[in-house]
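Asks: Use the sequences and the hints to build the structure in full.
Protein chains: 2
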Amino acid sequence: MSISTLAVVGVGLLGGSVALAARRRGVVRRVIGVDRDDAVLHRACAGGILDEASPEVAAAAAVADLVVVCVPVDVIASQVLLAASACRPGTLLTDVGSTKQAIVEAIRHRLPPGAAFVGSHPLAGSEKNGADHADADLFEDRLVVLTPMPEVEASAVGQVSDFWQALGARVQVLGPEEHDRAVALTSHLPHLLAAALAGTLPTELDELTATGFRDVTRVAAGSPRLWGPILQANRQAVLDALARLEAQLEHFRRALAEDDRAALERMLEAGKRGRDRLA
Amino acid sequence: MSISTLAVVGVGLLGGSVALAARRRGVVRRVIGVDRDDAVLHRACAGGILDEASPEVAAAAAVADLVVVCVPVDVIASQVLLAASACRPGTLLTDVGSTKQAIVEAIRHRLPPGAAFVGSHPLAGSEKNGADHADADLFEDRLVVLTPMPEVEASAVGQVSDFWQALGARVQVLGPEEHDRAVALTSHLPHLLAAALAGTLPTELDELTATGFRDVTRVAAGSPRLWGPILQANRQAVLDALARLEAQLEHFRRALAEDDRAALERMLEAGKRGRDRLA
Numbered sequence: 001m002s003i004s005t006l007a008v009v010g011v012g013l014l015g016g017s018v019a020l021a022a023r024r025r026g027v028v029r030r031v032i033g034v035d036r037d038d039a040v041l042h043r044a045c046a047g048g049i050l051d052e053a054s055p056e057v058a059a060a061a062a063v064a065d066l067v068v069v070c071v072p073v074d075v076i077a078s079q080v081l082l083a084a085s086a087c088r089p090g091t092l093l094t095d096v097g098s099t100k101q102a103i104v105e106a107i108r109h110r111l112p113p114g115a116a117f118v119g120s121h122p123l124a125g126s127e128k129n130g131a132d133h134a135d136a137d138l139f140e141d142r143l144v145v146l147t148p149m150p151e152v153e154a155s156a157v158g159q160v161s162d163f164w165q166a167l168g169a170r171v172q173v174l175g176p177e178e179h180d181r182a183v184a185l186t187s188h189l190p191h192l193l194a195a196a197l198a199g200t201l202p203t204e205l206d207e208l209t210a211t212g213f214r215d216v217t218r219v220a221a222g223s224p225r226l227w228g229p230i231l232q233a234n235r236q237a238v239l240d241a242l243a244r245l246e247a248q249l250e251h252f253r254r255a256l257a258e259d260d261r262a263a264l265e266r267m268l269e270a271g272k273r274g275r276d277r278l279a
Numbered sequence: 001m002s003i004s005t006l007a008v009v010g011v012g013l014l015g016g017s018v019a020l021a022a023r024r025r026g027v028v029r030r031v032i033g034v035d036r037d038d039a040v041l042h043r044a045c046a047g048g049i050l051d052e053a054s055p056e057v058a059a060a061a062a063v064a065d066l067v068v069v070c071v072p073v074d075v076i077a078s079q080v081l082l083a084a085s086a087c088r089p090g091t092l093l094t095d096v097g098s099t100k101q102a103i104v105e106a107i108r109h110r111l112p113p114g115a116a117f118v119g120s121h122p123l124a125g126s127e128k129n130g131a132d133h134a135d136a137d138l139f140e141d142r143l144v145v146l147t148p149m150p151e152v153e154a155s156a157v158g159q160v161s162d163f164w165q166a167l168g169a170r171v172q173v174l175g176p177e178e179h180d181r182a183v184a185l186t187s188h189l190p191h192l193l194a195a196a197l198a199g200t201l202p203t204e205l206d207e208l209t210a211t212g213f214r215d216v217t218r219v220a221a222g223s224p225r226l227w228g229p230i231l232q233a234n235r236q237a238v239l240d241a242l243a244r245l246e247a248q249l250e251h252f253r254r255a256l257a258e259d260d261r262a263a264l265e266r267m268l269e270a271g272k273r274g275r276d277r278l279a
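Chains as they are written, first to last, in the working numbering: chain A, 1 to 279; chain B, 1 to 279.
Bear in mind the hints are in silico, worked out from the structure with no lab data behind them. From a predicted model like this one, the values you see are computed outputs, not experimental measurements. Each hint should be verified, as a subset may be incorrect.
In this list, chains with the same sequence are indistinguishable; a pair is considered to hold if it fits within one copy or across any two.
[Unchecked claim] Below, a list of computed lysine to aspartate or glutamate pairs in the DMTMM-like style, where the Cα atoms sit at most 20 angstroms apart:
1. K128 x E140
2. K128 x E269
3. K128 x D37
4. K128 x D276
5. K128 x D215
6. K128 x E265
Replies: Put into structure tokens, the structure is as follows:
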């Protein structure tokens, strides 16, 4: 890795984990964290997550070789552009947003010359929030999807790819639209379902939940401040995924209404085959 | 515990775990397993899960103080009645079925005098199948719901309750209908949702699933042979629970269609509150 100084903008669970993983693995020489919350920066420095803290994106970007923007998806583009306006030529910029199309479009053609942005989405996370839960192994063996614009130089894509691999991740390149359609089904719809299910649980039934309910709804503990903008940014693809699921639920509904054991077991078999394919 | 000989009918994950837990904890003197699959019985004896094996329910029930029927819900009632017809007066009978109303109704008024049936549902399990995955701690700190018929003697309910508590469980008494309505929402609907979601995943997106998708769909790996009859036996309550969830999904759909951030975050907050209440 030719990256000496890493700036992490937004020191939450993901930003903190990027910083910690980069420090622990010796991937960079220095990590500067940027956050609007001074207490977060103070704890992250004291906890060995950051080398230095800065209240200003521009100041950190000006001395960084790589800037990783780890804020909610609705403010990623503005923070990337802010960093880009202050950085030296040759600085790499990336993010960790769960949606890519809106971000890439908002950034494209607005970057100053010499700054290269390569969108990233690490398929890693947790229902926990905040850098206090930062995990140096969060990206270990996880997939990071890169969604570079066609005009970005291959060397920039390669360097961002190398960075994630140095944190333990595998890397795959997809178009932003293809990425968003895929994660609508594999991540955003499951989150919506979990929230819908957890939101309909009457308090008096809490005691009657077991590991099944807790597994199905675990992700619903994630931050609404993060997930609202994700669902909104990818709303058409999420609506399409929801329609697809609702068609499957309608098949279940009909099989139950018609007391059709064979149809029920067929659908359960299809679900088991789908789940058994995953490790 | 005054139980000397325990007969376990159906030596799968739950039956094997009941047997193993009872043996390991010294709750009974002898465990006899009944299964139609000789290979299962052979492995369970060799693996220390059972003391003895029997191919016949009647033979095992005739020497048992407690019979626990651990077969799929659609065949529980017939196995309980078969055991009851062969057992000595004073023998206790229970089960581990995930639905209770149909079972209790099928057994009630058909028991020979002297046999007492107390329906049980341990809210414990796994997506794994078979006694090879038996776990002596499966019931540790889990809830077992008992659904005794009003005519059953309190001492019988007390003994079945003591048995589960000796395996580490907590015990709660509910009416069978109330039980079935509750678990439709806390267990059967989540299973149906997980299966529907896992069943709609196209193979080419497998790589793009992360822990969220795996958590939400984990229970879908459960056996369709067990879950088909569960959903069927409780189909009206599951249909009601599904309608309730679909109303919530419709709220999400509308908020997405109308690009309504505030409504989305409100529903995500409701989901987070519901999930955060659970440990």
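Asks: Check the structure against each numbered hint from earlier and tell me which ones fail, lowest number first.
Replies: Violated hints: none; all satisfied.
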